[in-house]
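Undergrad: Chains as they are written, first to last, in this note's numbering: chain A, 1 to 219; chain B, 1 to 231.
What the hints contain is simulated information worked out from the structure, not anything from laboratory work. Treat the hints loosely; a few may be bogus.
[Said to hold, decoys possible] Derived EDC-like pairs (lysine to aspartate or glutamate); straight-line CA-CA distance at most 16 angstroms:
| id | chain 1 | residue 1 | chain 2 | residue 2 |
| --- | --- | --- | --- | --- |
| 1 | A | 65 | B | 62 |
| 2 | B | 164 | A | 175 |
| 3 | B | 7 | B | 23 |
[Claimed, not checked] Listed next, the stretches of chain A that the computed footprint assigns to chain B, with coverage defined by at least 3 CB atoms under 8 angstroms from CB atoms of chain B:
| id | region |
| --- | --- |
| 4 | 79 to 89 |
| 5 | 121 to 127 |
| 6 | 131 to 140 |
| 7 | 157 to 164 |
| 8 | 183 to 194 |
Where a beta carbon is used, it is the ideal one built from N, C-alpha and C, also for glycine.
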Amino acid sequence: MALGMKDLMAMRAAEEMWDGAVVNLGFGIPQRIASFVSSELTIFTHAENGVLGAGARAEIGKEDKDLIDAGGEPITVIPGASFFDSADSFALIRSGKIDISFLGALEISETGDLANWMIPGGSIPGMGGAMDLARHAKKVIVLTTHTNKRGEPKLKKCCDLPLTATSCVSRIITDIAVIEVTPDGFLLTEMFDGHDVREVLEKTDAALKIADNIRIIQY
Amino acid sequence: MTELTNKFDKIKTVEEAMSHIVDGMTIMVAGFVGVGSSYRLLSEILEKNVKDLTLISVDAGDPIVGPNHIIKNGQVKKLITSHIGASTATKELYNAGKLEIEFSPQGTLAERIRAGGVGIPGFLTELGMGTTVEEGKQKVVLNSKEYLLETALRADVAIILAQKADEFGNLVFSKTARGLNPLMARAADITIVDAKEIVPIGDIDPELVITPGVYVDIIVQGGSDWPWPWE
Numbered sequence: 001m002a003l004g005m006k007d008l009m010a011m012r013a014a015e016e017m018w019d020g021a022v023v024n025l026g027f028g029i030p031q032r033i034a035s036f037v038s039s040e041l042t043i044f045t046h047a048e049n050g051v052l053g054a055g056a057r058a059e060i061g062k063e064d065k066d067l068i069d070a071g072g073e074p075i076t077v078i079p080g081a082s083f084f085d086s087a088d089s090f091a092l093i094r095s096g097k098i099d100i101s102f103l104g105a106l107e108i109s110e111t112g113d114l115a116n117w118m119i120p121g122g123s124i125p126g127m128g129g130a131m132d133l134a135r136h137a138k139k140v141i142v143l144t145t146h147t148n149k150r151g152e153p154k155l156k157k158c159c160d161l162p163l164t165a166t167s168c169v170s171r172i173i174t175d176i177a178v179i180e181v182t183p184d185g186f187l188l189t190e191m192f193d194g195h196d197v198r199e200v201l202e203k204t205d206a207a208l209k210i211a212d213n214i215r216i217i218q219y
Numbered sequence: 001m002t003e004l005t006n007k008f009d010k011i012k013t014v015e016e017a018m019s020h021i022v023d024g025m026t027i028m029v030a031g032f033v034g035v036g037s038s039y040r041l042l043s044e045i046l047e048k049n050v051k052d053l054t055l056i057s058v059d060a061g062d063p064i065v066g067p068n069h070i071i072k073n074g075q076v077k078k079l080i081t082s083h084i085g086a087s088t089a090t091k092e093l094y095n096a097g098k099l100e101i102e103f104s105p106q107g108t109l110a111e112r113i114r115a116g117g118v119g120i121p122g123f124l125t126e127l128g129m130g131t132t133v134e135e136g137k138q139k140v141v142l143n144s145k146e147y148l149l150e151t152a153l154r155a156d157v158a159i160i161l162a163q164k165a166d167e168f169g170n171l172v173f174s175k176t177a178r179g180l181n182p183l184m185a186r187a188a189d190i191t192i193v194d195a196k197e198i199v200p201i202g203d204i205d206p207e208l209v210i211t212p213g214v215y216v217d218i219i220v221q222g223g224s225d226w227p228w229p230w231e
């Protein structure tokens, strides 16, 4: 299978994992991460509809109507999994038990504000569990294209869209680079092979500091 | 095998259960995109065509499953939910101004229902501060930090789906079909359970009971189910 850019982003995100990590994989590109986690690691994937230890998608013909993930897909569970009600599921989030929440984004500000749940005048789907995850996970890593469909930067000085949560994002994995959100703003630390600093600067609508040793990501 | 005695008079026909659902009520319907929702009771609510409902549900379902049908049928005047993205009908009614929606973040919604079921009128949370969620809500300072005051939710009727119920109403759920079911079962004046299986008292190991029977008023025998997208 040829790997697309979204898969490469998911591979980079999978590097964040460790044995026993408790993670939540949001809708969109984050859902691909599980496929790239080393089989030597046991990751406890939380699905906010009430399971810790979500496994791979159920095989065709072996789906269980009572077992889905937060995206509505039929799943399996791994050994060590647990089921719980919705209050417990969000108690787990609110009390800081999610090590990493991987989320998508519409906009991210240089102070780590995240907008990912609605576009005024457009469709209003509702925030689901995104606000809870963005606010309360120990670490929020965003996976997103660097620019939107109109080619406009998603990394900005301030978000214009309604916020999901303030000052919550710590790292951004885009289709061209990896950027840290630091107390001094955005810091470019890694780039995917084939991209350069000038391109990242052009596509970022905020001040961007450049790390001394930029990793070029090659898989 | 022990026979059902119905000595607590909780096992009812669907018709008897439906007699408690009338126009203008607030109802809670559990389930997450239909998983954990009672197809049978929602079908009956659609059939009975009760109107002006306030519906509390984590989502609006999708075009096939969950509460989508009763919303589409114009039976709901207000929806308290966290997500409507999978229900085209709900989005259209909302955009046309024909449906009032109160959005609550999913964890806040769950906790509001939990609070309603445990006798707590509200709770403080930092969630939603700095977002549209804080609009119109009272703020409270506690230990020098500002919080939003979120209010408890209760309903006239809760529609619950259980994997198994005994005659007293002790309930066991299945996997991710648990969701809001145990929380809503405690947060309504009348709790109606669609049980896939009804068993005599004593058949469920007390260690495995998730919802004690004291919260359950009516039990109906479960029926058929929605077709699922992957079928």
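Undergrad: Out of the numbered hints, which ones does the structure contradict?
TA: 2, 3, 8
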